[in-house]
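> For the record, the sequence lines run as chains U and B.
1 is the number of the first residue of the first sequence in this note's numbering; add one for each residue after it.
1 is the number of the first residue of the second sequence in this note's numbering; add one for each residue after it.
Heads up, a few of these hints could be off.
[Stated by the list, open to error] Each computed SDA-like pair below joins lysine to any residue, with the alpha-carbon atoms no more than 20 Å apart:
id : chain 1 : residue 1 : chain 2 : residue 2
1  : U       : K355      : U       : E296
2  : U       : K225      : B       : R395
3  : B       : K73       : U       : D343
[Unchecked claim] Chain B is faced by these chain U residues, among others (derived, beta-carbon under 7 Å):
id : residue
4  : G62
5  : A66
6  : V77
7  : S81
8  : L86
9  : A87
10 : V91
11 : K92
12 : G93
13 : S97
14 : D212
15 : F213
16 : P293
17 : D320
Quick caveat, the hints were computed from the structure, so don't treat them as lab data.
Glycine included, each C-beta is placed from N, C-alpha and C at the ideal position.
In case you want the letters, here they are:
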Amino acid sequence: MNDVKKSWRTALAIGAGGIAIIGGSWIRDYSEVGQVPSLSQRVLPLDGLLASRKSDVSIPVGDYYAEMVRLLKSEYVDNISDDRKLAAGAVKGMVGSLGDIRSLSMDPSEFRAFLNTRQGEFEGVGVDLTYELLPKVAPRKTDPGAIEGPPEDATEAAARAPSVPRLVVSALVPGSAAAKAGVQPGDWIEQIDSHWVVEEGIVRKMLQAQRDFTNRKINYEQYAKVQGEFRTRMVRALMPARARDRVVLGKTGTLKVIWRRGKDRRETTLQKGTWKLPSESPTPGATRLTFLPGDEDKVLNAVKSGKPIVLDLRNSMFGDESVMRSCLALIAPAGIYGQISTDRKEAAVAFKLAKGNANPPKSVKLLVDRTTGGVAEIFALALNSRGIAKLVGGQTSGDRAFREIVQLPDGSGYTLHTGTFKVGSGGPTKVAVSSPLPEVN
Amino acid sequence: MARGLKSVSIGLSVAACFAFGFFWRDVRAIQAPSSQSVKRLAGVRVTGPNASGEQIFRSNYQRILANAYQAVKVDDLKFAGVGGMMASLGDPHTVFLPPRAAQAFSDDTRANFFGVGARLGPDPLGAKVATVFEDGPAFAAGLREGNIITGVNGKSVGGTELEQIIDQIKGKEGTTVRLTVIQPGTKKSVELLVRRARITVPTVSHKVLKESKLGYLRVDQFSEPTTVQFDRALNRLEADGIRGLVIDLRSNPGGLLETAKDMLSRFVENKMVVKMKLRNGPDQEERTDSGQIHEFRYPIVVLIDENSASAAEIFAGCLHDYGKATLVGVRSYGKASVQQVFPLVDNSSAKITVAKYYLPASAFIGRKVDEDGVMISGGLEPDLKAELETTKEVRIGEPEADSQLRKAIEVLKSKTAG
Numbered sequence: 001m002n003d004v005k006k007s008w009r010t011a012l013a014i015g016a017g018g019i020a021i022i023g024g025s026w027i028r029d030y031s032e033v034g035q036v037p038s039l040s041q042r043v044l045p046l047d048g049l050l051a052s053r054k055s056d057v058s059i060p061v062g063d064y065y066a067e068m069v070r071l072l073k074s075e076y077v078d079n080i081s082d083d084r085k086l087a088a089g090a091v092k093g094m095v096g097s098l099g100d101i102r103s104l105s106m107d108p109s110e111f112r113a114f115l116n117t118r119q120g121e122f123e124g125v126g127v128d129l130t131y132e133l134l135p136k137v138a139p140r141k142t143d144p145g146a147i148e149g150p151p152e153d154a155t156e157a158a159a160r161a162p163s164v165p166r167l168v169v170s171a172l173v174p175g176s177a178a179a180k181a182g183v184q185p186g187d188w189i190e191q192i193d194s195h196w197v198v199e200e201g202i203v204r205k206m207l208q209a210q211r212d213f214t215n216r217k218i219n220y221e222q223y224a225k226v227q228g229e230f231r232t233r234m235v236r237a238l239m240p241a242r243a244r245d246r247v248v249l250g251k252t253g254t255l256k257v258i259w260r261r262g263k264d265r266r267e268t269t270l271q272k273g274t275w276k277l278p279s280e281s282p283t284p285g286a287t288r289l290t291f292l293p294g295d296e297d298k299v300l301n302a303v304k305s306g307k308p309i310v311l312d313l314r315n316s317m318f319g320d321e322s323v324m325r326s327c328l329a330l331i332a333p334a335g336i337y338g339q340i341s342t343d344r345k346e347a348a349v350a351f352k353l354a355k356g357n358a359n360p361p362k363s364v365k366l367l368v369d370r371t372t373g374g375v376a377e378i379f380a381l382a383l384n385s386r387g388i389a390k391l392v393g394g395q396t397s398g399d400r401a402f403r404e405i406v407q408l409p410d411g412s413g414y415t416l417h418t419g420t421f422k423v424g425s426g427g428p429t430k431v432a433v434s435s436p437l438p439e440v441n
Numbered sequence: 001m002a003r004g005l006k007s008v009s010i011g012l013s014v015a016a017c018f019a020f021g022f023f024w025r026d027v028r029a030i031q032a033p034s035s036q037s038v039k040r041l042a043g044v045r046v047t048g049p050n051a052s053g054e055q056i057f058r059s060n061y062q063r064i065l066a067n068a069y070q071a072v073k074v075d076d077l078k079f080a081g082v083g084g085m086m087a088s089l090g091d092p093h094t095v096f097l098p099p100r101a102a103q104a105f106s107d108d109t110r111a112n113f114f115g116v117g118a119r120l121g122p123d124p125l126g127a128k129v130a131t132v133f134e135d136g137p138a139f140a141a142g143l144r145e146g147n148i149i150t151g152v153n154g155k156s157v158g159g160t161e162l163e164q165i166i167d168q169i170k171g172k173e174g175t176t177v178r179l180t181v182i183q184p185g186t187k188k189s190v191e192l193l194v195r196r197a198r199i200t201v202p203t204v205s206h207k208v209l210k211e212s213k214l215g216y217l218r219v220d221q222f223s224e225p226t227t228v229q230f231d232r233a234l235n236r237l238e239a240d241g242i243r244g245l246v247i248d249l250r251s252n253p254g255g256l257l258e259t260a261k262d263m264l265s266r267f268v269e270n271k272m273v274v275k276m277k278l279r280n281g282p283d284q285e286e287r288t289d290s291g292q293i294h295e296f297r298y299p300i301v302v303l304i305d306e307n308s309a310s311a312a313e314i315f316a317g318c319l320h321d322y323g324k325a326t327l328v329g330v331r332s333y334g335k336a337s338v339q340q341v342f343p344l345v346d347n348s349s350a351k352i353t354v355a356k357y358y359l360p361a362s363a364f365i366g367r368k369v370d371e372d373g374v375m376i377s378g379g380l381e382p383d384l385k386a387e388l389e390t391t392k393e394v395r396i397g398e399p400e401a402d403s404q405l406r407k408a409i410e411v412l413k414s415k416t417a418g
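Next comes chain U alone, as it looks inside the complex (with noise of 0.2 Å):
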């Protein structure tokens, strides 16, 4: 079970992304300190920083930095020579530490994929796939009747800890191996071959046998079997990340995917493979926008054409703010459209047009669904607030990050989340979709 502790506990980067574990484990230390007889410990002073005193000047971070890595490759017992696998590293720890959802770390093969899903090539099975949290769980009263003392359960604890999200279906190629079996945007996957994929949802079920124990719910028996089934599907268990490149990287092979919808479980097995995405819309007369360069003329024409106006902005997650906001110029007037909000002490800043289109075209749809996010979302939603655009087809994913990508030397990059769009006051909080116009298949 060492190893699925170990993974819990760094489970801080989940490959891709920094959320923090339940329950909290402690690694098992193995260590002989000092036993090989020509080494003595030293304390390191940073060379040629501080020197010998202490000072409370901070050592600038660039130094602090390049000092530790001269020391690893100056003691570590293999050969170091790979600077740059050392820097993914580091920027791999620092995104992870921000413990967010939306800010994600990806290796070489994982960015890779990531920028050909943004221009609508998958591999895999078809499909993209994005974390997702489970809401918290508000902490309980403990029972009367329990066994007395716990002031605080294991239950209630996990309820304030951050969580291990979901891996759900963001989008999904039509004539994938995925849609073919049925899948949909929104499923989230539960187990892939033999392995489980870690989410919060059994461990929740495991704490609250646990809590229905200490308060005699349920008898030891009881509590056993939940017990046993934890520990088996832990001891296989995928963490998140993993899972994911399981199943959205590679061109070739298998692979047996078990997927839930709600209480319902699906089996299926895939063959992965090389998918597009259409360029243009299932949807006739409408107009498909990605929000990467070239879109600002598609939406021109649009508006030019004097026709009503159909977008379609589903499988629509990474876009380009500036493309999105050039395209938002084009149709909708200049002005405030909501606020741009973030987690720091500052204020909010405002999501504004300089400049824009003084006559707003008459009629604009948008079709929308699970599958839109990010910029997508947020032009979808600046639009609507403004009555400018009516939104036909399901509830968009919720996504309203503002990103910044960023790509490293090695190849590898990472998507850092630097603000989350509100829509401006006076605006309809929750987002009036109605049903969705007829499509081609």
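Given the structure of chain U, go ahead and fit chain B onto it with the hints provided.
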């Protein structure tokens, strides 16, 4: 003449095609990837290809500090960066310890803790008391085998990890700890005040498995008194006429190399135990002593599991490599290295692997992990794989409730004559 012209013109057109093809490829190469890469990298901030490691770190550090959604603390981000840098080696024992973790680690390894004199096991209500050392303070305070500890210093420990409960119970010598204790099946709890003291933990226990006439010898860790305790246990078992021996090293986290070497000296004389490879300088060898050899007239099985580490792996690995025992169980932990802690001026530390151990015949057993800390490779492979069945209640050391021990017994029975 016509033919000549023709061949020239063919030659020219071939050349033209060639030139055109060449240029066409260039033209296409310029056009297509350009628009592709513009789209592909739309809005992507690309770090310069010639950036040094330090520049990569610094520019991204500044970017995250300035732009992240969250309020980021300068030091936390720096420590996370350096921690991630060290973690990228894939060596779980080479880690960066920020000041608070460095302090905790230091306390732990200097063994500045003193216990209450009891062995605990997991229990849904807290911790179950498996053994109470009769000359320890817990016994004196009234703690008994079978008790369940549900609270430590007034705080409930139901649902807490066993290791954390033990950490709470341990503390400085002379200090007291308040344990809330219940007898299983009752509802009443009592409070025991226990004064912590230095405990000499017995690290070896033994018994005869009556049905099979085999000896069972458990070694919990390789501490200073372990060799003497081992010899004593061995003598007692042999006096009872055992036909085979199970040495149980499961969950043995290791300890002193010296102890492992001394114990191995009972099995082989003047043979290599480990070779240590340092970063600089020649390899160093540790060998068993001469003149300490014991004659083993029966087959031996060593039990290992995923928590057998370091000195335990050395001991088991050597017995295996010298053909003195059969290994049964599951792959061991994979600790085959020595770390050194480098304290830094800002009270953080770097714990770095500075040497590796190599066993006599095995390939390097050091463990490699992926980014989630999940083991990819490493550890000692047992000769006979045996998982611990957990579908029923497990009682280590009792054949009817310990599937790995049953397998060991099976192996020994097949090796003994009748």
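> A separate judgement is required for each hint: does it hold in the structure or not?
Hints, verified against the model:
1. Under the criterion of a C-alpha separation no larger than 20 Å, the hint pairing K355 (chain U) with E296 (chain U) is consistent with the structure, at around 15 Å.
2. At most 20 Å may separate the alpha-carbon atoms for a hinted pair to count; K225 (chain U) and R395 (chain B) meet this at roughly 18 Å.
3. Between K73 (chain B) and D343 (chain U) the alpha-carbon distance is near 13 Å, which keeps this suggested pair within the 20 Å criterion.
4. Evaluation of the G62 (chain U) hint against chain B yields a held restraint, the C-beta minimum of about 4 Å falling below 7 Å.
5. The beta carbon of A66 (chain U) is positioned within 7 Å of a beta carbon in chain B (closest approach about 5 Å), and the interface hint is therefore held.
6. Among the interface hints, the one on V77 (chain U) holds; its C-beta lies about 5 Å from the nearest C-beta in chain B, closer than the 7 Å criterion.
7. Against a cut-off of 7 Å between C-beta atoms, the interface hint on S81 (chain U) is violated, since the closest Cβ of chain B lies about 11 Å away.
8. Proximity of L86 (chain U) to chain B holds as hinted, the smallest CB-CB distance being about 5 Å (cut-off 7 Å).
9. Because the smallest distance between the Cβ of A87 (chain U) and any Cβ of chain B comes to about 4 Å, under 7 Å, the interface hint for this residue holds.
10. Taking 7 Å as the C-beta cut-off, the interface hint given for V91 (chain U) holds, the closest approach to chain B being about 5 Å.
11. For K92 (chain U), the suggested interface contact is upheld, since its CB lies about 5 Å from the closest CB of chain B, less than 7 Å.
12. Because the beta carbon of G93 (chain U) sits about 2 Å from the nearest beta carbon in chain B, less than 7 Å, this interface hint is met.
13. Against a cut-off of 7 Å between C-beta atoms, the interface hint on S97 (chain U) holds, since the closest Cβ of chain B lies about 4 Å away.
14. Hint status for D212 (chain U) relative to chain B: violated, with the closest Cβ pair at about 10 Å, above 7 Å.
15. At a threshold of 7 Å, the smallest CB-CB gap from F213 (chain U) to chain B is about 6 Å, leaving the interface hint in force.
16. With a least beta-carbon distance of about 5 Å to chain B, the hint placing P293 (chain U) at the interface is held under the 7 Å criterion.
17. Taking 7 Å as the C-beta cut-off, the interface hint given for D320 (chain U) holds, the closest approach to chain B being about 4 Å.
Hints 7, 14, counting from the list given before, are not met by this structure.
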